[in-house]
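> Chain by chain, the residues run as shown.
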Amino acid sequence: MGEITLALEEAGRLIAAFDAKLMEIVFLSLRVSLTAVVIASVLGLPLGAAIAVGRFPGRQALIVILNALMGLPPVVVGLLVYLMLSRAGPLGQLGILFTPAAMVVAQTILILPIVAALSRQVIEDAWQEYREQLKSLGAGPMSSALTLLWDTRYSLVTIVLAGFGRAAAEVGAVMIVGGNIDGVTRVMTTAIALETSKGDLPLALGLGVILLSLVLALNAAAYRIKESAQRRYG
Amino acid sequence: MLPLVLDQVSFAVNGKTIIDRVSMEITEGPRTVILGPNGAGKSVLMRLCHGLFAPTSGTISWRGAANGRRRQAMVFQRPVLLRRSALDNIVYGLKLAGFSPRERELRARDVLEAVGLVNVAERPARVLSGGEQQKLALARAWALGPEVLFLDEPTANLDPGATRDVETIIGQIRAGGTKIVMATHNLGQAKRLGDEILYLNQGRLVEQTPVDRFFTKPASAEAEAFIRGELPWN
Numbered sequence: 001m002g003e004i005t006l007a008l009e010e011a012g013r014l015i016a017a018f019d020a021k022l023m024e025i026v027f028l029s030l031r032v033s034l035t036a037v038v039i040a041s042v043l044g045l046p047l048g049a050a051i052a053v054g055r056f057p058g059r060q061a062l063i064v065i066l067n068a069l070m071g072l073p074p075v076v077v078g079l080l081v082y083l084m085l086s087r088a089g090p091l092g093q094l095g096i097l098f099t100p101a102a103m104v105v106a107q108t109i110l111i112l113p114i115v116a117a118l119s120r121q122v123i124e125d126a127w128q129e130y131r132e133q134l135k136s137l138g139a140g141p142m143s144s145a146l147t148l149l150w151d152t153r154y155s156l157v158t159i160v161l162a163g164f165g166r167a168a169a170e171v172g173a174v175m176i177v178g179g180n181i182d183g184v185t186r187v188m189t190t191a192i193a194l195e196t197s198k199g200d201l202p203l204a205l206g207l208g209v210i211l212l213s214l215v216l217a218l219n220a221a222a223y224r225i226k227e228s229a230q231r232r233y234g
Numbered sequence: 001m002l003p004l005v006l007d008q009v010s011f012a013v014n015g016k017t018i019i020d021r022v023s024m025e026i027t028e029g030p031r032t033v034i035l036g037p038n039g040a041g042k043s044v045l046m047r048l049c050h051g052l053f054a055p056t057s058g059t060i061s062w063r064g065a066a067n068g069r070r071r072q073a074m075v076f077q078r079p080v081l082l083r084r085s086a087l088d089n090i091v092y093g094l095k096l097a098g099f100s101p102r103e104r105e106l107r108a109r110d111v112l113e114a115v116g117l118v119n120v121a122e123r124p125a126r127v128l129s130g131g132e133q134q135k136l137a138l139a140r141a142w143a144l145g146p147e148v149l150f151l152d153e154p155t156a157n158l159d160p161g162a163t164r165d166v167e168t169i170i171g172q173i174r175a176g177g178t179k180i181v182m183a184t185h186n187l188g189q190a191k192r193l194g195d196e197i198l199y200l201n202q203g204r205l206v207e208q209t210p211v212d213r214f215f216t217k218p219a220s221a222e223a224e225a226f227i228r229g230e231l232p233w234n
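Top to bottom, those sequences are chains A and B.
Following the numbering used here, the numbering of the first sequence begins with 1 at its first residue and continues without gaps.
Following the numbering used here, the numbering of the second sequence begins with 1 at its first residue and continues without gaps.
Keep in mind that the hints were calculated from the coordinates and are not lab data.
Ideal placement from N, C-alpha and C gives every residue a C-beta, glycine not left out.
Careful: at least some of the hints might be erroneous.
Stretch-level coverage of chain A by chain B, calculated; a stretch enters the list once three of its residues show a Cβ under 8 Å from a Cβ in chain B [stated by the list, open to error]:
| no. | stretch |
| --- | --- |
| 1 | 65-75 |
| 2 | 132-146 |
Derived pair list, reagent style SDA-like, types lysine to any residue, alpha-carbon separation capped at 25 Å [stated by the list, open to error]:
| no. | chain 1 | residue 1 | chain 2 | residue 2 |
| --- | --- | --- | --- | --- |
| 3 | A | Lys135 | B | Ser100 |
| 4 | A | Lys135 | B | Arg126 |
| 5 | A | Lys135 | B | Ser61 |
| 6 | A | Lys135 | B | Ala219 |
| 7 | A | Lys135 | B | Gly177 |
| 8 | B | Lys191 | B | Thr27 |
| 9 | A | Lys226 | B | Arg123 |
| 10 | A | Lys226 | B | Asp88 |
In silico negatives: residues of chain A with every beta carbon more than 12 Å from chain B [unchecked claim]:
| no. | residue |
| --- | --- |
| 11 | Leu94 |
| 12 | Arg153 |
| 13 | Ala169 |
| 14 | Ile210 |
| 15 | Leu216 |
Chain A with its partners taken away, still in its complex shape (with noise of 0.2 Å):
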């Protein structure tokens, strides 16, 4: 117990000082998840609101994989994009295995389907309510998912900090892809992971505070965001 109390008191140190070496992973981890949370909202979006829109053949499969996608497990991920990227993979040319752009793609690849499939239910829900009438005001498709979208927006940001958050505490596609390499590709996860093993307990703590902060800050934002819409827009 005292050892844990130690441990925590050194962590707090650590945060208080800005320690450069926790910083540094700290940084890491938000430019990896964030650039991967662009990336996914950027194609996630469209595609929920085409297949909430759009009626075409195969689509309940889409949905259900769709669906089923949000549960990949994120070694899984790790491991095919190792395959794809590694030297004789497809894609070994690029050499980008081992930097933190090879953790950015596992990262899209894990909360895209997040993305796509939590927008679609909200977008096909709206799309009930408005559907006669965009209709009516001679909207075609395209000009109704683009209207969806935006009418949607605050549920749309909720969706997004989700992936975000997803993202930030994934551990096991990181470790893979990344290598958890000092000062390249160490982020908060695989920074706990090693540490603890090592028996480094404050790095690891300090760590593990400012994830659960930066997770918990996410969650009262995104509801912070949608109660306040709500009042101020219906």
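Starting from the known structure of chain A, arrange chain B on it as the hints suggest.
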């Protein structure tokens, strides 16, 4: 584009007939009221006329000359407003109809003025009261300058004051030369706003009669029973 001619139009969902071989002609002059009990098929008939549904069999055709732009509009029982300001809701419809940005703004301000919503122009549409929302929906349709305006029980969810306002606005729209086709189950409203009655029961068009004749000497026993049944509350 009028007259609108329906020839033996039927509409069925999952084998259940909702509109049963309706033939009729909607002409330019009189205000047409589609009257009938709940479940008679009034809303569905209106959606068929407006083009939201395609008939299962039979034909619906606009016989008059069309002049390019979409010249019909519809207001629903429950208004569907977008999550943006009252003004922008109207601008949205005008944009889809192909009006220039300058014209959109001018027309939108004009109709807001006409329906008495200028003071809430910048307010989010969805936080307006039920009556204001329906007036806004009417304004959005009116701004398009439709030749025909379909109204599906536009006052069914409103209090007497808002109902009066909406009926006044309908009168104004009519005065501007727009053909009114309205569904209602309210006999008082049918009398006030109708010139001819299309009486619908169980998906069949029972009679098409001028309003005074309908209320004094209905041709069918069903219509007579409907009028009698309603009288105590009229």
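> Which earlier hints turn out false for this structure, listed by number in ascending order?
1, 6, 12
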